[in-house]
Amino acid sequence: MVSKKNPLKTILFYLLIIIILIPIVFPFIWMLMSSFKTQVDIISWPPKFIFKPTLNNYKRVFVEQHFLAYLKNSTIVAVFAVGLSLLLGLPAAYAIARNNMDKTSMFILVARLLPGISFLMPWYIIFSRLKLMDSYVALILSHMLIALPLIIWTMVPYFKSIPMEMDESAMIDGATRTRSFVSIILPLAGPGIVTATTLSFIYSWNNFMFSQVLSRQKTRTLPIAVYNFLSYVEVAWGAVMAAAVAIILPAIIITMIFQKYVIKGLTAGAVKG
Amino acid sequence: MKRFLLALLIVLLSFSLFAQGATETKPEEIRVMLANHPYGDLLKEKIPEFEAEYGIKVNYEQLQESQLSQALATEFATASSTVDVFMTRPLQEGLMFIKNNWYSSLADYDFADYPQSTVDIGTKNGVPYIVPLVTEWQVLYYRKDLFKAAGISVPKTFDELKAAAAKLTTKDVAGFGSRGKGAAAVTQMSSYVYNFGGRYIQNGEAVFDSPEAIKAIRFYGEMLGNYGPQGVTSMSWENLMPVFQAGKLAMWTDASVFYGQIIDPEKTAIPKENIGIADLPAGPVDDSPFLVVSWGMAIANTSTHKDAAMKFITWATSQELALEGIKNNITMASNSAWKGASGLMNEELIATQAHAAANGYPYDRPFVTSVGAARDLIGEVIIESINTKGTSTKLEALAKEKVAAVNELLKTDGEYHNLPY
Chain A
-18 MVSKKNPLKT ILFYLLIIII LIPIVFPFIW MLMSSFKTQV DIISWPPKFI
32 FKPTLNNYKR VFVEQHFLAY LKNSTIVAVF AVGLSLLLGL PAAYAIARNN
82 MDKTSMFILV ARLLPGISFL MPWYIIFSRL KLMDSYVALI LSHMLIALPL
132 IIWTMVPYFK SIPMEMDESA MIDGATRTRS FVSIILPLAG PGIVTATTLS
182 FIYSWNNFMF SQVLSRQKTR TLPIAVYNFL SYVEVAWGAV MAAAVAIILP
232 AIIITMIFQK YVIKGLTAGA VKG
Chain B
39 MKRFLLALLI VLLSFSLFAQ GATETKPEEI RVMLANHPYG DLLKEKIPEF
89 EAEYGIKVNY EQLQESQLSQ ALATEFATAS STVDVFMTRP LQEGLMFIKN
139 NWYSSLADYD FADYPQSTVD IGTKNGVPYI VPLVTEWQVL YYRKDLFKAA
189 GISVPKTFDE LKAAAAKLTT KDVAGFGSRG KGAAAVTQMS SYVYNFGGRY
239 IQNGEAVFDS PEAIKAIRFY GEMLGNYGPQ GVTSMSWENL MPVFQAGKLA
289 MWTDASVFYG QIIDPEKTAI PKENIGIADL PAGPVDDSPF LVVSWGMAIA
339 NTSTHKDAAM KFITWATSQE LALEGIKNNI TMASNSAWKG ASGLMNEELI
389 ATQAHAAANG YPYDRPFVTS VGAARDLIGE VIIESINTKG TSTKLEALAK
439 EKVAAVNELL KTDGEYHNLP Y
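In order, the protein sequence lines correspond to chains A and B. Take the first sequence: its position 37, counting from 1, is numbered 18 in the numbering used here, and each next residue is one higher. Numbers in the numbering used here are just positions in the second sequence, counted from 1, shifted up by 38.
To be clear, the hints were calculated from the coordinates, so they are not data collected in a lab. Incorrect hints may appear among the rest.
With a straight-line Cα cutoff of 30 Å, these simulated DSS-like cross-link-like pairs (lysine-lysine) come out [said to hold, decoys possible]:
#, chain 1, residue 1, chain 2, residue 2
1, A, LYS29, B, LYS182
2, B, LYS84, A, LYS199
3, B, LYS95, A, LYS40
4, B, LYS82, B, LYS95
Examples of chain A residues lying across from chain B (beta carbon under 7 Å, computed) [as the list claims (entries may be wrong)]:
#, residue
5, VAL214
6, GLU215
7, LEU230
Yeah, the Cβ is synthetic: ideal placement off N, Cα and C, and Gly gets one too.
Let's have the full structure, built from the sequences with the hints guiding it.
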């Protein structure tokens, strides 16, 4: 039997989607529109939805304020912080999962639960004594504080969900523990790794506090650079919006590419099978 | 496993590559911290000229003001500073920085070109620490076209101000605006308090519960409660300025620094000729708007290039650059800058400067070490007054309570009955 769709239901369905989407999407649209507006158009009331677009805000962001340099800094810090965290976190999570080291994982969680600001003063003193202020090393290490526990905590249940028999059969075939981890378990954990990577990348990308204190002119990251548009006598809303677009866009693109893995990864650990 | 270790090694090696970049130093380089202030922008442009003339390399950073304060405080407090010269806000951080010995003495600097009161702000026990850079005072910005349409003239007294606000308030346009957001409002309400004959702090004691101060707080609340824009209790200058620029505000009292912004055709929907600037109206007791040193420049005590730093600060505060500042509508602190201002700057703005310089009071906030906390406390009284349109019956009791709290702060900081004013 072929079921006929009720057109009213279809309309209601899409209407509902639109209603749900509006509060989520509207700020983004507003931001995008404002980034093409002049200051006069931004402050005009009632708000203008039709206006003459200008590229001045983007010019200010990329030409006058050298946002590409900050983009580079953010990318270096995020890529290395996440990469190193994966390098350390994946074997750690595997070990915790296979040996039921729950106390260790609890300990790691505590490090994450402590407010980040409590680390900052000691870090600041240590890094400045080591002459590592305004260096990528300081920023990468500090961002790893966020990325590492996140990766471990995402990956432990994921590794647990992969049956122990996988390791055992690999080892029966002569593989070492390391070999079975690298060749068998890691590929199976692909979606989980992608989830952990994406989430920790976004955390690092958006991090404000650590970069604010530990970076200076040379290694300043994007979220800090937005402050360049808040001055003593002016808030350059258009430029702030353009900068926000420049910050969000890479994060959105990465998330969109990995999205299907993320969702799979988030639910995979939930039900053992 | 080997491959794994190899990867680890590569990453660690690349780390050390990054680390090396940070350690190199060259002689005769100075590090200068500038604020996101129009004068900071001007210096940034001119620094290459200084470098060419003196052969000193200037590594400058420009930061938003609260970030700047935070960055300086962190560097100084952890004794890890490499800063040589920096822009500083005497009223906001001056006392704390002086107390902590973070400024270097400027006894060798020639302060002859500055009004004594502006130098005194940054002086302790006869030693000056801060070169005044920019002053600001309270003014009344107003819409000439709306005044003309309503057939009224610029208010000269608070009574006239109230009458004008009532007349100019329409469904579309708020008649009067001034900062209403608690702590941020403290500076802009100060002139009202002075003109009613009150003070925030007197003889090292909080006195904003005096009958004069209470009258001022009530008047401020009445004006904003009745004629202010919607949501004024969450508005500071960054919210009020766009309202004015969009043409939704007929009068706005705030600091003189915003003049350049509100006449900039790229930022304002109102033609320049419709925007007026006048003295803050006189109160029943006094006519004494605040005139403060909002920005100064100082040398870090920990600087290891003090000679070069002195050369830089002398250059950065020179008469030539001050005149450049005046040309850009920046309200400079030095006397000579104002002598040469006519023709370079808006004449109405110059007139308000002359009035404030002759009659002004050099503080716009409780000038104490815990200024932030004190502002928060006074801010609560202001909000109560605005919310009740100045009629709150609890206002006296609330002010008394906050006065006691501010006095506690003063006692903690050893400033109770121990301030120079």
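Cross-check of the supplied hints:
Our distance criterion of 30 Å between C-alpha atoms is met by LYS29 (chain A) and LYS182 (chain B), whose separation comes to about 26 Å. Only pairs whose Cα atoms come within 30 Å are accepted, and LYS84 (chain B) paired with LYS199 (chain A) is accepted, the gap being roughly 21 Å. The hinted pair formed by LYS95 (chain B) and LYS40 (chain A) meets the criterion: a straight-line CA distance of about 28 Å does not exceed 30 Å. Simply put, LYS82 (chain B) and LYS95 (chain B) have alpha-carbon atoms about 13 Å apart, close enough for the 30 Å limit, and the pair holds.
Taken as an interface hint, VAL214 (chain A) checks out: its beta carbon lies about 5 Å from the nearest beta carbon of chain B, inside 7 Å. A distance limit of 7 Å between C-beta atoms decides the matter here; for GLU215 (chain A) the minimum to chain B is near 5 Å, and the interface restraint holds. With a least beta-carbon distance of about 23 Å to chain B, the hint placing LEU230 (chain A) at the interface is violated under the 7 Å criterion.
Against the hints set out earlier in the document, a violation occurs for number 7 only.
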